[in-house]
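Residue numbers (this note's numbering), protein chains in the order written: chain A, 5 to 148; chain B, 290 to 466.
Quick caveat, the hints were computed from the structure, so don't treat them as lab data. We put the CB at the ideal spot given by N, CA and C, even for glycine. Just to be clear, a hint being listed does not mean it is correct.
A few chain B residues facing chain A, derived, Cβ under 7 Å [what the hints assert, rightly or not]: (1) N307; (2) D310; (3) V312; (4) T315; (5) M316; (6) S352; (7) G354; (8) E358; (9) V371; (10) M404; (11) F418; (12) N419.
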Amino acid sequence: MNRPKILIADDAEVTRTIIREVLSFLKADFLESDTGVSTIRTINKENPDLVLLDISMPAPDGLIILKRMRGTEEFKNTPVIIISVESSQECRDEAKKYNASDYLTKPVNFQHLIDSIKKALPDIKEIPEGELRQPRVRRNIPKK
Amino acid sequence: MEEITFPEIETLEDLLVNAVDNVFSTMLELKPVYKQTLSAEELNGNNSPFYALGSKDPLIVGSIGFTGEANGVVFIYIEYEVAIEITSVMTGMDADELKEEMDIIKDVIGEICNMTIGNFKNGICDLGFNCRVTLPTVLRGNQIEVNSIQSAERHAFCFELFNHPLVIDLFVQKGGQ
């Protein structure tokens, strides 16, 4: 896997942008979607190697998408990390039942997110420090 | 089965102050200062605790609901200029550049509301009242006031950020009431 595709599915553009900036040191191609429908479309079209999935999005919500993915041969093993404000046991149990790789509650601890991505995609590479561009978002970028 | 008592105001206050602290410090490296909580009686029929604290228009109001074993709606009031500052900190864009970028401001304030009230709501869930948040709505306007919901408890939590008020107006009741 040279450059894995990571889909960031969240209805808030600012959250997608911040996650993308935080992960910009990773050699990966980032895709974005902002509704349940566009997330399903992007998964079908792009076959991402990892999905960072919000739960509360314009329908269908993230847990329904996860359940649908697990019901298909193509996406039954695609790693999915849930990133949501929802932390109820009901949602966590549902995510676990459908084999989510991790469940992170917003506001996300970015080091935890990076560790979780590296666990889901153990072959992912980092961009050498000298080639990194200056991030637009100045805050919340963890020190490597 | 023993009925669980709905949380007292002191518990709600702790949950909300912790939620604000957690979200603003993690996402913005800011710390709004908690000042006071006003009850419905103390508001004395005033539909806007925000204006009562001397704030000026235009303002931004984020609203978000939660439903389940606890039902409620929360309105977060800030002045437009403060919303621009928050958006600037979160996106790295210049405040001047943001003045006409209402979509970006709405997106940022909506997500801050979502995280803050989501954190608060998760605390209520942990006390045994399972509920889920709705999608946030953000409005910009002048003279925005919200009428009390008669059957709900109302508390206005007053904070200060950049020396301006930030008010979180909570209407809450136990589910099934």
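Results for each hint:
no. : hint : in the structure
1   : N307 : 12 Å, violated
2   : D310 : 11 Å, violated
3   : V312 : 5 Å, holds
4   : T315 : 4 Å, holds
5   : M316 : 5 Å, holds
6   : S352 : 15 Å, violated
7   : G354 : 12 Å, violated
8   : E358 : 11 Å, violated
9   : V371 : 16 Å, violated
10  : M404 : 5 Å, holds
11  : F418 : 10 Å, violated
12  : N419 : 6 Å, holds
Checked against the numbered hints given earlier, this structure breaks hints 1, 2, 6, 7, 8, 9 and 11; the rest are met.
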